[in-house]
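Student: One letter stands for each residue in the lines below.
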Amino acid sequence: MGWINARRRRPVAGYAALLLGLVFVGLLYGALTRTGGGAQAEPTSASQDIATGQALFKATCSSCHGLDAQGTSEAPSLIGAGAAAVDFQMSTGRMPAKEVGAENGRGPVQFTQQQIYDIADYIASLGGGPPIPDAQQVSTAGADAGLGYELFSANCSQCHNAGLSGGALTYGKFAPSLTQATPTQIYEAMLTGPEAMPVFSDGAISPQAKRDIIAYITQTRTEPNPGGFSLGRTGPITEGLVIFLGGMGFLVLIAAWITARRREPWDVAQEENARARETSGTSGTEH
Amino acid sequence: MSDDMEEAEGQEGSGVPVAPHRVIGTPPPTPRLIGSDGKAAEAGAEGRAGHGTEVEPAEEKLPEVADYPEHAKNAERVVAFCFLLAFIAGSGFIAAYIGLEVGSVDSVLRSNLALGLSLSVALLGLGGGALIWVRHIMPDAEVIEERHDLRSTDAERAAFAEYFAEGTGASQFVKRPLIRRTLMLATLPLVAAPVVLLRDLGPLPYKSLRHTVWSPGRRLLVYGTNTPITPAQFSAPGGMITIVPDGYQDDPDALTKAAVILIKFRPGELNIPTRHDGSTLVSTMNWTVDNSIVAYSKICTHVGCPVALYEQTTHHILCPCHQSTFDATTGATVIFGPAARPLPQLPLTVDAAGYLVAKSDFTQPVGPSFWERG
Amino acid sequence: MSDTLNVPKALSGTGGWLDDRFHGARGLRVFMRKVFPDHWSFMLGEIALWSFVILLLTGTFLALFFVPSTTEVVYHGSYAKLNGIKVSEAYQSTLNISFDVRGGLLLREIHHWAADLFMAALTIHMLRVFFTGAYRKPREVNWLIGIALFTLGLLEGLFGYSLPDDQLSGAGLRIFEGVLQGIPIVGTYAAFFLFGGPFPGNSIVPRMYILHVLLIPGLILALITAHLFIMVHQKHTQMPGKGHTEKNVVGQPFFPYFMAKGGAWFFFIFAALALLGTFAQINPIWLYGPYTPVAISSASQPDFYMGILEGALRVMPAWEINFLGHTLTLSVLIPAAVPFGIIFTGAAFWPFFEQWATGDRSWHNINDRPRNAPIRTATGIATVVFYGVLWAEGANDVLADYLSVPLYTITWIARVLVFVGPAIGFVVTRRICLGLQRKDKELLEHGLETGIIRQLPNGEFVEIHRPMNEEERAVLEAKTVPALMPAAGSEDENGVPAPQVSGVMGRARAIANRGFAETVVVETNGHGNGHGHGNGHEPAAVGTGHAELTSGDGSDGESGGS
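Protein chains in written order, with this note's numbering: chain X, 1 to 287; chain E, 1 to 374; chain W, 1 to 562.
FYI, nobody ran anything at the bench for these hints, they're computed from the structure.
C-beta: ideal position from N, C-alpha, C; glycine also.
Be aware that one or more of the hints could be misleading.
[Unchecked claim] Okay, the calculated bits of chain X under chain W, using three or more residues with CB under 8 Å as the criterion:
hint	segment
1	104–117
2	156–167
[Unchecked claim] Here are a few chain W residues that face chain E, going by a calculated C-beta distance under 8 Å:
hint	residue
3	Thr188
4	Tyr408
5	Thr409
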């Protein structure tokens with residue numbers, strides 16, 4: 001304590017205190033905020049319990065989608081939408097939607113996976129539609145990530161960004177980041193074209209091609225950034241901010257240090273004050 | 001060696017102690033070679049010895065001893081530490097270069113981190129050490145230097161003008177207009193020559209901007225897989241896919257104008273009105289397949305980016321570059337943004353084998369506007 | 001002449017050998033004692049200088065490995081994800097540098113960060129020179145050289161980041177070609193000549209390469225040399241201060257002080273770039289992929305210094321004129337010509353415009369404090385706002401995504417702000433400058449309020465004011481105010497109209513002059529009873545020359561006025 005006290009008037013003490021404060025706040029923030037949600041469960045088996053699904057549907061979804069899923073002014077018809085669409089929307093927490101807005105983003109999942117399968121089976125029973133892909137269909141073993149890159153760059157990156165960070169659409173909609181979607185969800189999204197996303201049917205992009213795209217996405221998002229921090233993988237915008245705030249800011253501070261007026265060094269001033277105190281016997285006067 | 005040091009006190013009223021403050025003069029500026037009476041220096045070819053000027057004595061000397069010896073000794077240790085750190089880091093850089101391999105993303109990450117960190121520390125050490133040396137060890141000294149007038153004296157200017165006039169007179173340039181004019185004439189072609197030489201940089205555009213490689217019967221291929229596509233395969237409403245022409249899937253020059261975006265609508269959604277294409281009225285619903293599959297040029301009519309975002313719900317085609325937005329149900333008409341013209345539509349039909357093919361090339365130039373477009 | 005220092009024989013021997021051949025002793029001696037004034041803002045240009053040196057060093061290394069060719073090859077290399085994809089040799093060699101050459105990625109990143117820092121430093125340096133009036137006589141030529149350097153830097157950076165032929169920079173090149181194509185009459189020819197045919201062709205990368213490594217760096221080097229030579233010959237400007245006059249330079253001598261500080265500065269700049277290259281990933285071309293005209297990513301922007309061009313392209317409505325078989329595409333031509341046109345032409349003409357408006361043709365070696373030149377500072381801020389609005393609009397899709405604002409809304413806001421913003425900026429800045437001048441007047445007339453309250457014997461409380469000391473006075477009083485010209489169209493007692501304010505241009509000049517001559521007058525008869533002066537805000541009276549002195553020493557240079 002005495003060691004700190006003796007040095008608390010040094011110029012560097014201010015900087016040290018600031019640094020300590022920043023570190024403390026940073027640790028506090030890190031501890032208190034939660035990172036993104038965990039992975040979704042992969043489907044293990046399709047449930048046959050359409051009745052359960054119907055009951056769940058009537059309790060939760062029918063207020064917007066209609067008692068027979070025929071649609072209302074608030075939400076579209078789900079007849080023919082298919083199990084895959086239901087699984088995608090609900091397993092990403094987009095549905096049940098809290099409000100009718102421009103876009104439903106990923107959110108906390110409201111149902112268990114089994115319940116989601118039940119509802120999906122019910123909807124599938126109403127009018128068919130794309131089924132939930134099984135584990136083999138979304139497995140990226142042996143997939144060609146290079147071909148996946150070509151398909152992704154031509155059909156996906158304009159909305160979802162080459163670095164997978166997503167992007168803005170019109171009228172408040174946005175294409176989400178692809179860093180959290182599971183392979184199943186990616187497959188389902190391509191197949192069903194949720195919200196503003198176009199439909200990439202198996203005729204246009206074959207199941208194998210879809211697996212190639214999924215391989216590209218999963219490899220890209222787990223790939224480390226060899227050049228340093230990724231700066232959000234947003235490109236020149238953040239790079240420009242960094243060079244001005246980080247680069248120029250740092251250098252301006254150094255320039256201020258280089259050209260600062262030379263004052264009597266701190267330690268010399270302290271000694272002189274101490275000597276003055278001794279000789280005059282009164283509280284030190286600055287010369 | 002007269003001592004003109006002033007021990008400056010702190011500024012009145014500011015209370016901040018200041019380092020000893022010495023003001024030292026600089027040698028006066030060297031006398032000019034041309035005397036102030038306007039005469040040029042005699043016998044200009046004296047060589048080095050002919051300047052005849054003396055070395056100006058310095059009035060004062062820079063101080064040699066540090067201002068605060070004890071403090072300077074401490075600072076010296078800090079500087080030495082910085083330099084030693086720089087040495088270690090610099091050696092670390094070489095070691096990291098020799099020791100760390102590259103060849104994969106992970107190994108490059110390690111190598112980049114090691115090389116970059118060691119280099120940064122070495123440079124910071126050198127910079128910090130040098131700076132502390134200047135600020136804490138070198139004694140403070142302030143020098144006042146006089147600015148000489150930039151404007152030459154009238155006498156100098158007159159002397160210059162005299163020389164110039166003499167030279168011009170001797171050259172007879174003014175008196176012989178024939179030489180003058182023919183000289184200027186002679187240089188003109190040589191000045192134009194470098195510009196002329198640039199002609200072969202590229203071919204003339206002629207009409208090449210008006211056409212693409214699409215032709216009757218050319219198949220539409222899905223980009224990437226390079227497979228043709230039938231209407232049955234592209235039957236899900238709300239679908240969109242990027243298309244390239246068969247035979248040119250690897251030709252970037254052709255693709256720059258020939259890339260196409262293929263969209264599938266629900267029945268009744270597609271409603272392209274009859275409109276003018278140049279001077280003719282066309283109803284391009286004939287250019288669709290099943291009144292629901294339509295192909296537009298993927299090259300934005302603003303400055304040529306691929307206009308690739310397709311929003312299924314609003315059926316807007318949005319270009320990510322400058323946000324030109326086109327409505328796909330009405331013939332890709334512009335609804336926002338700087339593009340002035342709708343996306344050209346590619347006439348489609350189905351060939352004998354059932355695959356989607358082009359009926360013909362686009363009927364208007366694709367891509368950004370140009371002067372001759374009309 | 002010191003006898004305490006023994007110069008080592010090697011040094012003195014070499015020095016003598018050189019001097020025998022080059023006559024260096026006198027010149028070097030004067031140069032050693034040459035004074036470089038000390039102010040942090042004077043070091044900004046050096047950031048650009050040392051960044052350029054680092055660009056040359058790292059660029060040479062990169063050039064040893066880069067292949068400037070668009071010949072297609074199938075990639076099989078260390079970046080396994082792209083194996084089997086057709087890429088150009090340029091792209092492949094850049095991947096090779098990044099993943100197969102030790103230190104390659106680091107030097108590539110330092111090179112790119114250095115380019116960004118070069119442009120950022122130039123921008124801030126240019127603003128510093130502008131706001132302090134350091135472009136005034138005799139430094140107008142250096143100012144013009146600086147603008148040329150800025151333009152060359154823009155082109156150099158554009159070509160440099162387009163060399164790897166990746167998706168992001170290729171899209172930028174496509175936009176460049178589209179803009180070129182839209183130029184009336186010569187556009188299509190210019191585009192075909194530059195690209196050697198239709199876009200993209202096979203010539204653009206080799207041509208950009210030779211421009212980027214030979215032609216433009218050569219020009220930049222030559223201009224930097226001229227810029228520095230002029231600065232050394234004319235001596236640097238200095239900030240107002242005690243003992244600083246128009247006829248001297250005060251500071252520390254080159255040898256050893258400025259040399260050491262300059263060296264330290266170089267190391268710090270290099271260190272900043274090395275830190276950025278280590279910890280901040282820039283231009284990850286492996287994520288963007290090789291260029292194909294069929295694909296594009298969201299958030300496609302050029303490097304920041306081209307940002308206003310991008311913003312201008314996004315802010316335009318669809319304006320195109322078709323007539324007589326020809327198309328004039330204004331939504332492309334206006335962004336191409338207007339933003340940079342306004343800024344560069346305006347900047348180039350400004351020193352001469354200011355001379356015309358103020359009638360001030362004297363030499364200026366003492367910098368202005370920005371507050372003492374309200375019109376200049378306000379114009380500069382208006383330009384910064386104009387630049388900033390377009391710059392932000394260039395990032396509109398990223399802003400829309402991160403701020404959750406609809407996309408078109410941001411464009412509409414920019415469409416309004418690009419006109420309204422600079423106007424507001426001008427008005428507000430001018431008022432702030434005049435307000436700061438009033439504060440200076442307060443300080444000079446009444447001293448600094450110390451916050452110490454004392455009670456007088458009669459019970460009155462007064463606050464103690466500390467009068468300004470000599471140094472502070474020197475700074476506060478340094479103000480050059482242009483003389484007021486006669487009113488527009490005015491005549492002297494014989495009915496002869498004043499020449500400089502007659503006619504249309506004369507009237508415009510009188511209006512401009514009135515703006516430039518506006519200042520807050522300080523009573524120079526000591527402090528104390530400085531109350532009741534009105535608001536002290538008036539133009540300097542006709543014919544009185546300078547209202548203030550530029551330093552404590554007395555007059556300097558010529559006074560203003562025609």
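Student: With reference to the structure, classify each hint as holding or not holding.
Tutor: Consistency of the hints with the structure:
no.	hint	result
1	104–117	violated (count 0)
2	156–167	holds (count 10)
3	Thr188	holds (4 Å)
4	Tyr408	holds (6 Å)
5	Thr409	violated (11 Å)
In this structure, the earlier hints numbered 1 and 5 are contradicted, and the remaining ones agree with it.
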